[in-house]
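Engineer: Turn these sequences into a full structure, and let the hints steer you where they fit.
In my numbering, the protein residues as written are 1037 to 1528.
In short, the hints are calculated from the structure, not lab data.
Hints may contain errors.
To be verified - Think about it this way: if two alpha-carbon atoms lie no more than 25 Å apart in a straight line, the pair counts; the simulated SDA-like pairs of lysine to any residue are: (1) K1442 to R1455; (2) K1183 to E1145; (3) K1136 to K1070; (4) K1268 to D1201; (5) K1428 to K1518; (6) K1528 to D1441; (7) K1428 to E1387; (8) K1410 to N1327; (9) K1439 to K1410; (10) K1285 to K1308; (11) K1070 to L1251; (12) K1136 to G1099; (13) K1372 to F1335; (14) K1410 to I1500; (15) K1439 to N1483; (16) K1410 to E1359; (17) K1285 to E1306.
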Amino acid sequence: MRTRFAPSPTGPLHIGGVRSALFSWLLARHHGGKFILRIEDTDQKRFVEGSIDLITDALSWLGIDYDEGPGKDGGYGPYIQSERLPLYQKWAQWLIDNDKAYRCFCTPERLDQVNKEKEARKEPPGYDRFCRNLSQAEIEKNLAEGKPHVIRLKVPLEGQTTGQDLIRGEVVFDNNTLQDAVLLKSDGYPTYHLAHVIDDHFMEISHVTRANEWLPSLPLHLLLWEAFGWEKPYYAHLPVLLNPNGKGKLSKRHSGFSEDGKKVLVLAKEFKDAGYLPEAVVNFLTNIGWNFGDEREIFDIQEAIARFDISAVNPANSAFPIEKLDWMNGVYIREKLSSEELAKRLRPILENAGLEVNVDRLLKIMPLIRERIKSLNDIVDLAGFFFHETFKPPTAEMLIPKKMDKDGTRKLLEASHARYSVVSETEFLTTPLLTIGAGLVSDLGLNNSQVFGVLRVAVTGQSISTPTFETMEILGKDESLKRIQIAVDLLK
RNA sequence: GGCCCCAUCGUCUAGCGGUCAGGACAUCACCCUUUCAAGGUGAAUACACGAGUUCGAAUCUCGUUGGGGUCACCA
1037 MRTRFAPSPT GPLHIGGVRS ALFSWLLARH HGGKFILRIE DTDQKRFVEG SIDLITDALS
1097 WLGIDYDEGP GKDGGYGPYI QSERLPLYQK WAQWLIDNDK AYRCFCTPER LDQVNKEKEA
1157 RKEPPGYDRF CRNLSQAEIE KNLAEGKPHV IRLKVPLEGQ TTGQDLIRGE VVFDNNTLQD
1217 AVLLKSDGYP TYHLAHVIDD HFMEISHVTR ANEWLPSLPL HLLLWEAFGW EKPYYAHLPV
1277 LLNPNGKGKL SKRHSGFSED GKKVLVLAKE FKDAGYLPEA VVNFLTNIGW NFGDEREIFD
1337 IQEAIARFDI SAVNPANSAF PIEKLDWMNG VYIREKLSSE ELAKRLRPIL ENAGLEVNVD
1397 RLLKIMPLIR ERIKSLNDIV DLAGFFFHET FKPPTAEMLI PKKMDKDGTR KLLEASHARY
1457 SVVSETEFLT TPLLTIGAGL VSDLGLNNSQ VFGVLRVAVT GQSISTPTFE TMEILGKDES
1517 LKRIQIAVDL LK
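Structural biologist: Next comes the structure, spelled out in structure tokens:
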């Protein structure tokens, strides 16, 4: 088995592209086959410099490795279509020689005109096949005059073309609804239709998995395979990923737009930048349109490979359930990563936020933060205070809890300072600290949340944070007392 | 509009003639609790509609409606 992912280098990789790549990859890996990356850069106008790196970077971040592709020759290269031009031209000519295709000299202007007239007559748009029956003499003449032309497929005017889709079964099309599609453009580049058939043939691709939007052109491709007399691959058209609200397909133009106040992510890189783990993204994606089999949703990629079955893919399109990714990312953070691993991934994020990371301290706070963050990026807000060079004190307002006043709060802090300052440094640990806190509660006639809350704000500078006494232990006696003192002064 | 695909809780899904229609996310309530989380328990919520076929339909057929895709010298 050989499968492929064949993106166009028109910019950063889209999450829908990732999903297609992932399913093709899963299919190949399940069967112990090969997964090939092929770059379809036959549209010079849309080519974006640097796209190929963006694509391979994204795949590598996600762990979707390819066996053959640009820079990784497997004997079927080159893997970039613009480097295969002579091949397409040769076979396009072959189609003409065998009466399966014809040269079309119609200008874009004429094509426009034809469509306008058809529209006026309320007919479906499409090429009127003006050049399909040009005489040999006319063709010679046009050629001699050097008229630019394209090569079009000569589709049968009647009958039906039946395709088999691995996901939805038989799909039937009436040939009279088909177009004489352009195979080779006037600039000598092939269109997708021609290029993918030729490449999939010579690269011996056995299973073509691609997005659902290709289904309408399946009959064209089938006709092409038949014209060449080559053995067809199996086709599987993956359901489309829709916007989170279910309206329209997820596309690049929605990227970054806010929807119901929520951010819509669509580029692979945006998921990385948002603090999602690649393992979680991959796990999440495999649960859309496919399921593990029992009721498990969290599983690692090896388990997915072992069970993957392309024919079990749900043919229905699905809205992109981004909120489920948030949950799943949290599961991975709190259950799947060791402290060392988590710290390793958190470190660059803290550093990018301009904080100076003390690795020992970072490792120490892992138990305090791992159940509190859903995105790696959450670490900055939740625990950034551990790494601030200079402590950012809270405001007096944050310090004073409801049902307490300024004086009362100050007295509480002063009492705390007094009691904690007599604790030895080696005893400055969570449990004794908590005991003292509890003593404060009963002695001052306050409740837990008042005392612990005030201490939390004083020590962390924020009202939502890691647990108070654990935090104090990690901060150490000096630092903790210093911060409590700052709070006292703030309330004077 | 033509053609093609699709249709189970708000969302992702299980189900492939007989189930109290299951799970997960999200939501809500309660419990736990040093904030926030996490965790625990529980609640609410779905077979788009209409005809058939059948002893029996979420499951099969047809139609309707709805949604999506596609109609380029883009992929």
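Engineer: Now tell me, hint by hint, if it's right for this structure.
Structural biologist: For each hint, the structure was consulted:
For the hint pairing K1442 with R1455, the CA-to-CA distance comes to about 20 Å; that is within 25 Å, so the pair holds. The straight-line distance between the Cα atoms of K1183 and E1145 is roughly 14 Å, inside the 25 Å bound, and the hint therefore holds. For the suggested pair K1136 and K1070, the alpha carbons sit about 32 Å apart, so the restraint of at most 25 Å is broken. Distance check on the hinted pair: K1268 and D1201 sit about 12 Å apart at the alpha-carbon level, within 25 Å; holds.
With a C-alpha separation of about 12 Å, the suggested pairing of K1428 with K1518 holds against the 25 Å cut-off. Proposed proximity of K1528 and D1441 is supported: the alpha carbons are some 12 Å apart, at most 25 Å. Taking the CA atoms of K1428 and E1387, the gap is about 17 Å. The hint holds against a cut of 25 Å. For the suggested pair K1410 and N1327, the alpha carbons sit about 23 Å apart, so the restraint of at most 25 Å is met.
Between K1439 and K1410, the direct Cα distance comes to roughly 32 Å. Violation of the 25 Å bound is thereby established for this hinted pair. Taking the CA atoms of K1285 and K1308, the gap is about 21 Å. The hint holds against a cut of 25 Å. Between K1070 and L1251 the CA atoms are separated by roughly 24 Å; this keeps the pair inside 25 Å, and the hint holds. Taken as a hint, the K1136 and G1099 pair is broken in the structure, with Cα atoms around 42 Å apart against an allowance of 25 Å.
Proximity of K1372 to F1335 is assessed by CA-CA distance (about 10 Å); at most 25 Å being required, the pair is judged to hold. Between K1410 and I1500 the alpha-carbon distance is near 15 Å, which keeps this suggested pair within the 25 Å criterion. Annotation: proposed proximity of K1439 to N1483 holds, straight-line Cα distance about 11 Å (limit 25 Å). Of the supplied pair hints, the one linking K1410 and E1359 holds, its CA atoms being roughly 11 Å apart against a limit of 25 Å.
Distance hint between K1285 and E1306 is fulfilled; the C-alpha atoms sit about 18 Å from each other, no more than 25 Å.
Consistency note: the structure conflicts with the earlier hints numbered 3, 9 and 12.
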